[in-house]
Amino acid sequence: GAGVSQSPRYKVAKRGQDVALRCDPISGHVSLFWYQQALGQGPEFLTYFQNEAQLDKSGLPSDRFFAERPEGSVSTLKIQRTQQEDSAVYLCASSLVDRGRNEQYFGPGTRLTVT
Amino acid sequence: GQNIDQPTEMTATEGAIVQINCTYQTSGFNGLFWYQQHAGEAPTFLSYNVLDGLEEKGRFSSFLSRSKGYSYLLLKELQMKDSASYLCAARGGYQKVTFGTGTKLQVIP
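Residue numbers (the working numbering), protein chains in the order written: chain A, 1089 to 1203; chain B, 4 to 112.
Only chain A is shown next, with the shape it has when bound in the complex (with noise of 0.2 Å):
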């Protein structure tokens, strides 16, 4: 079956910007994350959604960031006002349940490039 899938792959926003990024998670999958990659380091966890519930926003590094999940499928992050530190990889990730042996399945991810 189809894996989660995000869009667009590769992001040029000039700095300022606003820009948005799709995650579609795999079907049936009630648990949705998003992670930033920062180059060489571990995913750093930005916010998780049950179905449409934010249940934990936490690591979203500045109010510029957003991420809605309203229909408890697709998820949008958006990010305002684009800096350079902003580049990033960012994955999506979709688990069945958040607990468990339930493991998240990533996305590709969106590579972010501020100029």
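Possibly wrong hints are sitting among the right ones.
Claimed, not checked - In silico DSSO-like cross-links for lysine-lysine, where the CA-CA straight-line distance does not exceed 30 Å: (1) 1145/A to 1099/A; (2) 1145/A to 107/B; (3) 1166/A to 1145/A; (4) 1099/A to 107/B; (5) 79/B to 60/B; (6) 60/B to 71/B.
No lab work stands behind these hints, which were simulated from the structure alone.
For this one, chain A is given, so just place chain B on it according to the hints.
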């Protein structure tokens, strides 16, 4: 808070065995994951431990000691394709998963 420590880099020879260690501190604990990530690709699931002991899956095994906040990933019969980053990740009390910075493993002939 949550903190994960693992070595930054390791080198091992094709056909050998390598052990990648990970120590963690979490607010609550609900399981320890290992993921493999090839350069430029997404992480893929390798193993999950929630109880103490060794879990074996083919050439890969993972060990957990909850009392010591310690885990390791053991890779046997190393192959060149095993060259990748190996991410240790701990799930805390509120289901949030915290990843380490990853151990970049280079397998040499």
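Practice item. Report the numbers of all earlier hints that the structure fails to satisfy, in ascending order. Key: Failing hints: none at all.
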